[in-house]
Structure formats: C-alpha cells, structure tokens
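Protein chains in written order, with the working numbering: chain A, 1 to 388; chain B, 1 to 135.
Calculated directly from the structure, the hints in this document are not laboratory data.
Do not take every clue at face value.
[Said to hold, decoys possible] Think about it this way: if two alpha-carbon atoms lie no more than 20 Å apart in a straight line, the pair counts; the simulated EDC-like pairs of lysine to aspartate or glutamate are:
#: 1; chain 1: B; residue 1: Lys104; chain 2: A; residue 2: Asp107
#: 2; chain 1: A; residue 1: Lys237; chain 2: A; residue 2: Asp107
#: 3; chain 1: A; residue 1: Lys315; chain 2: A; residue 2: Glu136
#: 4; chain 1: A; residue 1: Lys164; chain 2: B; residue 2: Asp101
#: 5; chain 1: B; residue 1: Lys108; chain 2: A; residue 2: Glu159
#: 6; chain 1: A; residue 1: Lys315; chain 2: A; residue 2: Glu165
#: 7; chain 1: B; residue 1: Lys84; chain 2: A; residue 2: Glu136
#: 8; chain 1: A; residue 1: Lys32; chain 2: A; residue 2: Asp69
#: 9; chain 1: B; residue 1: Lys104; chain 2: A; residue 2: Asp255
#: 10; chain 1: B; residue 1: Lys115; chain 2: A; residue 2: Glu136
#: 11; chain 1: B; residue 1: Lys84; chain 2: A; residue 2: Glu159
#: 12; chain 1: A; residue 1: Lys229; chain 2: A; residue 2: Asp107
#: 13; chain 1: B; residue 1: Lys52; chain 2: A; residue 2: Glu136
#: 14; chain 1: B; residue 1: Lys84; chain 2: A; residue 2: Asp255
#: 15; chain 1: A; residue 1: Lys271; chain 2: A; residue 2: Glu386
#: 16; chain 1: B; residue 1: Lys115; chain 2: B; residue 2: Asp86
#: 17; chain 1: A; residue 1: Lys234; chain 2: A; residue 2: Glu358
#: 18; chain 1: A; residue 1: Lys363; chain 2: A; residue 2: Glu304
#: 19; chain 1: B; residue 1: Lys84; chain 2: B; residue 2: Asp102
[Said to hold, decoys possible] Residues of chain B clear of chain A, computed beta-carbon distances all greater than 10 Å:
#: 20; residue: Gly4
#: 21; residue: Val5
#: 22; residue: Ile12
#: 23; residue: Arg42
#: 24; residue: Asp86
#: 25; residue: Phe113
#: 26; residue: Glu118
#: 27; residue: Gly120
Remember, it's a predicted structure, so these values are computed and weren't measured experimentally.
Here a beta-carbon is modelled for each residue, glycine too, at the ideal position from N, C-alpha and C.
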Amino acid sequence: MRDVAVIGVGLTKFGELWDKSFRQLIAEAGSKAIFDAGVSGNEIDAMYIGSMSSGRFIGQEHIGALVADASGFSQLHIPATRVEGACASGGLAMREGYLSIASGMNDIVVVGGIEKMNDVGGNFATETLATAADQEWEAFFGVTFPGLYAMIAMRHMHEYGTTKEQLAQVAVKNHANGILNPYAQYQRKITLEQALNATMVAYPLGLMDCSPVTDGAASVILCAAEKTKKFTDKPVKIIASGQGSDTLALHSRRDICTLDATVHAAKMAYKQANLKSSNIDLAEVHDCFTIAEICAIEDLGFVEKGQGGKAVENKITTLDGSLPVNTSGGLKSKGHPVGATGVAQIVEITQQLRGEAEKRQVKDARIGLAHNIGGSGATCTVHILEAV
Amino acid sequence: MDGGVARFWREIPQRYNLIGNKCESCKRVFFPPRESCPHCRRKSMGKMEDIKLSGSGEIITYTIIHVGPEAFEEQVPYPIAIIKLDEGPHITAQIVDCNIDDVKIGMKVQSTFRKIQEDGYVGAIYYGYKFKPLR
Numbered sequence: 001m002r003d004v005a006v007i008g009v010g011l012t013k014f015g016e017l018w019d020k021s022f023r024q025l026i027a028e029a030g031s032k033a034i035f036d037a038g039v040s041g042n043e044i045d046a047m048y049i050g051s052m053s054s055g056r057f058i059g060q061e062h063i064g065a066l067v068a069d070a071s072g073f074s075q076l077h078i079p080a081t082r083v084e085g086a087c088a089s090g091g092l093a094m095r096e097g098y099l100s101i102a103s104g105m106n107d108i109v110v111v112g113g114i115e116k117m118n119d120v121g122g123n124f125a126t127e128t129l130a131t132a133a134d135q136e137w138e139a140f141f142g143v144t145f146p147g148l149y150a151m152i153a154m155r156h157m158h159e160y161g162t163t164k165e166q167l168a169q170v171a172v173k174n175h176a177n178g179i180l181n182p183y184a185q186y187q188r189k190i191t192l193e194q195a196l197n198a199t200m201v202a203y204p205l206g207l208m209d210c211s212p213v214t215d216g217a218a219s220v221i222l223c224a225a226e227k228t229k230k231f232t233d234k235p236v237k238i239i240a241s242g243q244g245s246d247t248l249a250l251h252s253r254r255d256i257c258t259l260d261a262t263v264h265a266a267k268m269a270y271k272q273a274n275l276k277s278s279n280i281d282l283a284e285v286h287d288c289f290t291i292a293e294i295c296a297i298e299d300l301g302f303v304e305k306g307q308g309g310k311a312v313e314n315k316i317t318t319l320d321g322s323l324p325v326n327t328s329g330g331l332k333s334k335g336h337p338v339g340a341t342g343v344a345q346i347v348e349i350t351q352q353l354r355g356e357a358e359k360r361q362v363k364d365a366r367i368g369l370a371h372n373i374g375g376s377g378a379t380c381t382v383h384i385l386e387a388v
Numbered sequence: 001m002d003g004g005v006a007r008f009w010r011e012i013p014q015r016y017n018l019i020g021n022k023c024e025s026c027k028r029v030f031f032p033p034r035e036s037c038p039h040c041r042r043k044s045m046g047k048m049e050d051i052k053l054s055g056s057g058e059i060i061t062y063t064i065i066h067v068g069p070e071a072f073e074e075q076v077p078y079p080i081a082i083i084k085l086d087e088g089p090h091i092t093a094q095i096v097d098c099n100i101d102d103v104k105i106g107m108k109v110q111s112t113f114r115k116i117q118e119d120g121y122v123g124a125i126y127y128g129y130k131f132k133p134l135r
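Excised from the complex, chain A in its bound form:
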C-alpha cells in the first residue's frame, strides 16, 4: 500500500442556499480544492462523489457523471463514481479515493461530497433522512430519525446517568465554535437555557439537540504521498482509513448505546496508524444529534463508556480543552448537508493540521481524526490525518 496525502481542500458556504444549484455548489467546492492543490486538472485520474439522496432531494441520480460534467471534466472522460452510505456517504467517498491511490491504481483523485436539501419541503426532507433507517421495521411503525437517537439518549441516561444538560452543553459548545467558522450555517452563540427550552422534537431531544437541514458541498484532492512535492509544501498525510458496519435497525444492535460500527472502524484505524486514542490532538465527530457526539467520544476511546456526558460537562472537548472536538462547529452549527459532511470534516482537519484554521486554530495540532456515521450507526468511517 502506498501512502496518501491531502494536497487541496475546498468548501462552499453551508446553509439555506436558495440562489445556488446542486451543480454550482459541487463545481465551487471542487474548483476551490483544485486551485488550493495547484493541480491543473489534467493530472486527475478519477473522481469519487458522496451524496446520500440526490434522487429524492433534487430528483436526480447518476451523480458521478453529473459532477464530472458540472466541474468541467467532461472532455477528459475520467472515471467518476458516486458512493452512498446515508450520512456517511462523504466518508465513504473519501475512503474509496484513498484506497484507489493506496492500491497504486490512481495517483491523484478528487473526492467530493454534496447535498442540496432545501429544494424540498421540511416534511419531505425529514422523510428522506428517515430512509437511512430501516423502512420496513422502524420507519413504518412511526419512528423518526431524531426518534432513534432519542432512544439512544434515553438508554444512555438510564444506564450512565447522562443528563439533558450535558446533551445541551454539546450544542452550546459547537455553536461557540461555529461562531469562529465563516462557512458555518449558524454563526451565533446559544445559551444552555435556550438549548434546554427549545421546542421538543423527540423526547429528550429538542430542536437544539438536532443538526439542521443544509445545502453545501466539500471537496479534497488526494495524491500519492511520493508525488506531493510537485504541488505543495504542506501535504497532510492520511495515516489511517477505517470503516465499519452494523445492523440497519437500531433495535437489533448488541448494545443500544454503543455504535459498534464506530468501535470497529476506530480499532481498524488506530491499528493502521499504530496509535492510541490518546495520541489524537483533535477530532471532528458525527454530532447529527447531541447524544451522537457523546457516544462518539466514548466509542472512539477518548473517554470510558458512559463518561461522555461528564467529559462534555468538564469541558474536555472545548476549543481550549485537552481534546477539542468539532472545532468547525460540527454538524450542529456548521450544518449537515449529509453527503458533504464526511468530506467537510477532512477539510477542517486538514486546515487545522496546516495551521490555517484562523480563530479556531488548535495550538500545535499534529494528528486529527474524522468520524462519519451513516443512519443510526449502521455505517461508520474513521480517518486519521497527520501534519507532515
């Protein structure tokens, strides 16, 4: 296997982007990444695009070719492949791009992630997200996507004494980080009281426990490590790529509060990088709901199982804490264009490791981890990146 590095990143503004189309968004993210990498375009061997549900959100499938076309690659006829794993589609695209270079098949690839969610109504968007759950044995019976995470939260509270305040503190922290990210959907502070008193969605999760519906795209350029010199003096090496799966339905899992897909993907990644969780300087984790961030920091091994709530309360995961989590604002504040999220996490980690995260910069950041989840935990990717 060859070493692989990130040599360029690009991101669109995240939010309700009424004046931007799917094509414009992905072309913008892609061209920013290409300019950042300093590649002309002719060197690109292939393209991998993560998108969860373009078919329902904009009535368009066949996204691989569309993205290559929209980004100006139609005359180069490069392989362009769309990858899907619900909200982990971006993380999967990243891993496919990584594997294609590591294997020796490609030298330089574009990885993109996109979701254009606001062209449909709120109800339709919610039902589309619920297609990540088991349609036959969960959604049919009236459970919503927030409802599944709410059931994880209830069990976590029951077993470990996690509190609603601790959940709210995740949202407060991520909004505090989002203020510092000009690309974030919400750049405003929220208070603990606001988070606790927000409209109830699925008890115990209120509106401020939930990530929003977002339009946005992200892109990274990956390159065989031996060939980066030509393009950049600040490559960021991908030192591990892990992936795991689990039962589609939450109720069939070994333990309701543990995402075994995360445990498995993390184990795979730590083994490949020959690192322990304590070696990680910062992490972008999949906080689609506040409870998901608490489970993530436990399942990634940053804290003991059940101690996630306390860790948040003790401010371990704040920007100036011992393990900053979701410096970008996370899905909660930066926004969650589902297919783009896994790629956007890589963008944030890369900027941090290059020392280009401006007001969000984590001091002396050398090793960063990105954790992307699909559904209620049936798919997970974990990538570990290192400053060279």
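Knowing the structure of chain A, use the given hints to seat chain B on it.
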C-alpha cells in the same frame, strides 16, 4: 409509505402474527425472520425455522415523538419504544393504551393488533403491531 401493496402484504405474517424464526444451530430467535443466522452463518443455512412469538416483553428504551412523519402527524405526541421480547429479539413499536407519562424503561408490555398507516382516503390500510401495558 410508498412502494405498492405487494411490499406490504409480503410482510403480513410478521406484522399481523409476529412470525419470527429460530436458528436450529444456536437456538437464537430473530424478528423479523432472517435468511441466515449472523452468529452461525453457513451452519444455519436451511436450519432457520419459523416461530410465532408471544408478543410479551419489556421496554428497554423509548422516546416521545413530538414531530412525526406525515402519516403520524395527527397522533403526536406519541411514545415509541424498543421492546425486548421474552424470546429474545428486540422490536420497535408504538406504545398505546396508557398515558404518555406512564411509559418507563423496564415496563412490561404485550403486543396488540392495530392500524398503523393508510395510503390516503382510498388506498390500502396497513395493519400491524403496537404494544400496550401488561396489566
């Protein structure tokens, strides 16, 4: 729920009568029925036997849905739970015939046959299981 009537009637045995299956190799019980046992895999092929579940179990976690899917909008707020059935498998269903405040982790419940959804005013009516407190 879109997808045509066949998609629903295919699942009638499970949804009306709680038909699961059992791996004759390790004796684990599954609901809904699985083509093979994830623990025994190859050894379970051809050894998965249908079994009717009792429908009695215990709530292991729950939520109260305040923002529901369109088909359930008029029922909000309503409780949904994951129930551990006496035979072993876990199942997701609505909890009915009690006050929302009475729903608790550890509560004993029993399945009951109910209407779940309908395809508008003229389409098919979909039935299935909900659970009620065991009194």
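Hints versus structure:
1. Lys104/B to Asp107/A: Since the Cα atoms of Lys104/B and Asp107/A sit roughly 56 Å apart, the hinted pair is violated (cutoff 20 Å).
2. Lys237/A to Asp107/A: holds, 14 Å
3. Lys315/A to Glu136/A: violated, 40 Å
4. Lys164/A to Asp101/B: holds, 17 Å
5. Lys108/B to Glu159/A: With a Cα-Cα distance of about 18 Å, the restraint between Lys108/B and Glu159/A holds, given a limit of 20 Å.
6. Lys315/A to Glu165/A: With Cα atoms ~13 Å apart, Lys315/A and Glu165/A stay inside 20 Å; holds.
7. Lys84/B to Glu136/A: holds, 18 Å
8. Lys32/A to Asp69/A: holds, 16 Å
9. Lys104/B to Asp255/A: holds, 18 Å
10. Lys115/B to Glu136/A: Holds. Lys115/B to Glu136/A sits at ~15 Å (cutoff 20 Å).
11. Lys84/B to Glu159/A: holds, 16 Å
12. Lys229/A to Asp107/A: Holds. Lys229/A to Asp107/A sits at ~13 Å (cutoff 20 Å).
13. Lys52/B to Glu136/A: holds, 19 Å
14. Lys84/B to Asp255/A: Holds, at roughly 12 Å.
15. Lys271/A to Glu386/A: holds, 15 Å
16. Lys115/B to Asp86/B: Given pair Lys115/B, Asp86/B is violated - Cα atoms ~24 Å apart, limit 20 Å.
17. Lys234/A to Glu358/A: Holds - the C-alpha atoms of Glu358/A and Lys234/A are around 16 Å apart, at most 20 Å.
18. Lys363/A to Glu304/A: Violated, because 25 Å separates the two Cα atoms, which is more than 20 Å.
19. Lys84/B to Asp102/B: holds, 18 Å
20. Gly4: Fine: 13 Å to the nearest Cβ keeps Gly4/B off the interface.
21. Val5: Non-interface label stands for Val5/B: nearest chain A Cβ at 14 Å, farther than 10 Å.
22. Ile12: Consistent with the label, Ile12/B stays out of reach of chain A, its closest Cβ about 12 Å off (over 10 Å).
23. Arg42: Correct as stated: the minimum Cβ-Cβ distance to chain A is 19 Å, above 10 Å.
24. Asp86: holds, 15 Å
25. Phe113: Non-interface label stands for Phe113/B: nearest chain A Cβ at 13 Å, farther than 10 Å.
26. Glu118: holds, 12 Å
27. Gly120: holds, 15 Å
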